[in-house]
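Asker: Please take these sequences and the hints and turn them into a complete structure.
First to last, the sequence lines map onto chains A and B.
Residues in the first sequence are numbered from 1 upward in steps of one, following my numbering.
Residues in the second sequence are numbered from 1001 upward in steps of one, following my numbering.
Some clues are possibly wrong.
Claimed, not checked - Straight line, CA to CA, 16 Å or less: simulated EDC-like cross-link-like pairs of lysine to aspartate or glutamate:
(1) K93/A with E348/A
(2) K447/A with D272/A
(3) K379/A with D1039/B
(4) K379/A with D1045/B
(5) K1092/B with D272/A
(6) K379/A with E1050/B
(7) K333/A with D1018/B
(8) K386/A with D1057/B
(9) K292/A with D274/A
(10) K333/A with E348/A
(11) K484/A with E58/A
(12) K93/A with E353/A
(13) K1092/B with D340/A
(14) K93/A with D324/A
(15) K17/A with E46/A
(16) K379/A with D1057/B
(17) K386/A with D1045/B
(18) K1092/B with D337/A
(19) K464/A with D324/A
(20) K447/A with E485/A
(21) K464/A with D281/A
(22) K386/A with E1050/B
Everything labelled a hint here was simulated from the structure, so no lab data went into it.
The primary structure of each chain is shown beneath.
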Amino acid sequence: MLNSSLSALSAALAGRKISAVELTRLCLARIDALNGRLNAFITVDEEHSLAQALVADERRAGRGSPAGPLTGIPIAHKDIFCTRSLRTTCGSKMLADYVSPYDAHVVERLAAAGTVVLGKTNMDEFAMGSSNETSHFGPVRNPWDASRVPGGSSGGSAAAVAARMVPAATGTDTGGSIRQPAALTGVCGLKPTYGVVSRYGMIAFASSLDQGGPIAKSAEDLALLMNAMAGFDARDSTSLQRPAEDYGRELNLPLAGQRIGLPREYFADGVDADVHARVRDAIRWFEGQGAKAVEISLPNTALAVPVYYVVAPAEASSNLSRFDGVRYGHRAKEYADLADMYRRTRAEGFGAEVKRRILVGTYVLSHGYYDAYYLQAQKVRRLIAKDFAEAFARCDLIMGPTSPSTAFPLGAKSDDPVQMYLNDIFTIPAPLAGLPGLSIPCGFDAKGLPVGLQIMGNYFAEAKILGAAHRYQQATDWHARLPKEAPL
Amino acid sequence: MSLTPDQLQRIAMLARIDVAPAEAAGVTERLNRVLGLIDQLQAVDTRGIEPMSHALDVVQRLRPDEVTEPDRREANQAAAPAVEAGLYLVPKVIE
Chain A
1 MLNSSLSALS AALAGRKISA VELTRLCLAR IDALNGRLNA FITVDEEHSL
51 AQALVADERR AGRGSPAGPL TGIPIAHKDI FCTRSLRTTC GSKMLADYVS
101 PYDAHVVERL AAAGTVVLGK TNMDEFAMGS SNETSHFGPV RNPWDASRVP
151 GGSSGGSAAA VAARMVPAAT GTDTGGSIRQ PAALTGVCGL KPTYGVVSRY
201 GMIAFASSLD QGGPIAKSAE DLALLMNAMA GFDARDSTSL QRPAEDYGRE
251 LNLPLAGQRI GLPREYFADG VDADVHARVR DAIRWFEGQG AKAVEISLPN
301 TALAVPVYYV VAPAEASSNL SRFDGVRYGH RAKEYADLAD MYRRTRAEGF
351 GAEVKRRILV GTYVLSHGYY DAYYLQAQKV RRLIAKDFAE AFARCDLIMG
401 PTSPSTAFPL GAKSDDPVQM YLNDIFTIPA PLAGLPGLSI PCGFDAKGLP
451 VGLQIMGNYF AEAKILGAAH RYQQATDWHA RLPKEAPL
Chain B
1001 MSLTPDQLQR IAMLARIDVA PAEAAGVTER LNRVLGLIDQ LQAVDTRGIE
1051 PMSHALDVVQ RLRPDEVTEP DRREANQAAA PAVEAGLYLV PKVIE
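Answerer: Below you can see the structure in the form of structure tokens.
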């Protein structure tokens, strides 16, 4: 049951083969058995989740609001989504005891669909990190090898799904925070087009890039989750007013004639040989189905990381100014005056990586540097978006590695921020342009660690991306393999 | 571009984050690595390129000028470190 797809679980719930309460208990027992080792959850909510499961069972029995495909499905929320019933820490000491007065839009929508929230997953502090090592609540460990990182920042959600603690979880992606941990833990993750999923109640990091999305075991499961998560919300000023769509409508996408763009820059040096080999194998499979591989170029790829490390810290320095020890969160015990209270509160409440990004952001926005850094980065961002526009004139989908390497050992990059940042070279470009991207497993390296295939599409091409991924997953079983540290 | 100790303290002051003297050297060293990374942008010719501040070119929505929010002061202040009579308490700022 724990390795079943959402549609199989949904059918089992509908056919009374299992109740939502039983399924919830199964997952809670699994979390209880594995979380001490993996640290994927910050908060587990036995009491509320069982109460929600009871309500879901009522709905399945035809009492209360009508049941849908997700009614009774256990999920977990990344601890960046505000929840009224559970604390929302954002992986930070600053919010270690914070309880939000409202639910995020994504939380509301998934609750309305009848999902059962088992708890909140661990993450890099304020979503700033690629390894989950910046969490105030300790690092998450990779279920494929507990001495290695699960990626980040949605590392808890990815590890929880990989270890079959929960069949699906929410994540957020600013520079790769859904796709990179999905790749490193052998699960599937989708970053939608900017504006498709509401940011209301999702603690802001870099508002022009942040986007919520699902993490699950298959592309088909991602489509079911997207149907519930996506939708207009007036409370997010960047939420897009578009007709509702069925994200599973292209699951049977005909592959013959699809043009798959292979960016030269994604197949250059600096990528593990095994990663390239597995990605090439996957592309050959698509070619075997009649798709056409087209060599393309995204010439400004190497500039994406520097652009991101101007734009994201600039927006973060502004967004995180709200944590001042006055309205919510940590407040220093001792201080001389108001300014001293701010400075000590923030020095104590934020970890080293968050402080570094706030300082970088403050610097690039400060008088005398704004034009040279911030404005220049915004101009290069435009060049990166233009690269994609030109590429999508020649291809329907873009494929390449999600991450240049498989999961690395804990501590391997935590001392050098730039080494850590460069790990996101292939996931940063899509959010800079606002484009959707997905990662699915496509095999293993020589160490037995999962490799991620990234599929990017044009704006609003989620259904097509999911279709291509689903076709691949019908022919392969990489996504169904179980991690070594979490046997069923 | 390399930060001097004075520049670090000025940025830390603007960001309202204390950087203790004992940490300053390490913080500066790592910040300088990040500044080295973003300095690559200086070499790019961006003459005539419009800055891109947002992923999609959409216009800000307008809504009718109506009261939509109820008073939720109590709920909103429940998470505050110090409140009294509906007000947020901060250290004295005026003598």
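Asker: Take the C-alpha atoms of K447/A and E485/A, compute the straight-line distance between them, and say whether it is at most 16 Å.
Answerer: At roughly 14 Å apart (the allowed maximum being 16 Å), E485/A and K447/A satisfy the hint.
Asker: Given the hint that K379/A pairs with D1045/B, does the C-alpha gap stay at or below 16 Å?
Answerer: 10 Å, holds
Asker: If you draw a straight line from the CA of K484/A to the CA of E58/A, is it 16 Å or shorter?
Answerer: 37 Å, violated
Asker: Could you grab the alpha-carbon distance between K386/A and D1045/B and see if it respects the 16 Å cut-off?
Answerer: 15 Å, holds
Asker: Quickly compare the C-alpha distance for K93/A and D324/A to 16 Å and report which way the hint goes.
Answerer: Within the cut-off at roughly 13 Å; holds.
Asker: Hint check: K379/A vs D1057/B, CA-CA at most 16 Å. Holds or violated?
Answerer: Judged against 16 Å, a Cα distance of about 15 Å means the pair holds.
Asker: Given the hinted pair K292/A and D274/A, is their alpha-carbon gap at most 16 Å?
Answerer: 23 Å, violated
Asker: Between K386/A and E1050/B, does the CA-CA distance stay at or below 16 Å?
Answerer: Distance ~11 Å between K386/A and E1050/B Cα, so the pair holds.
Asker: Decide if the proposed pair is consistent with the structure: K1092/B and D337/A, CA atoms, cutoff 16 Å inclusive.
Answerer: This hinted pair holds, its Cα atoms lying about 7 Å apart.
Asker: K333/A and E348/A were given as a pair; does the straight-line alpha-carbon distance stay at or below 16 Å?
Answerer: 10 Å, holds
Asker: Assess, step by step, whether the Cα of K447/A is no farther than 16 Å from the Cα of D272/A, and give holds or violated.
Answerer: 12 Å, holds
Asker: Given the hint that K386/A pairs with D1057/B, does the C-alpha gap stay at or below 16 Å?
Answerer: Satisfied, since the Cα-Cα distance of roughly 13 Å is no more than 16 Å.
Of the numbered hints listed earlier, those contradicted by the structure are 5, 9, 11, 15, 19, 21.
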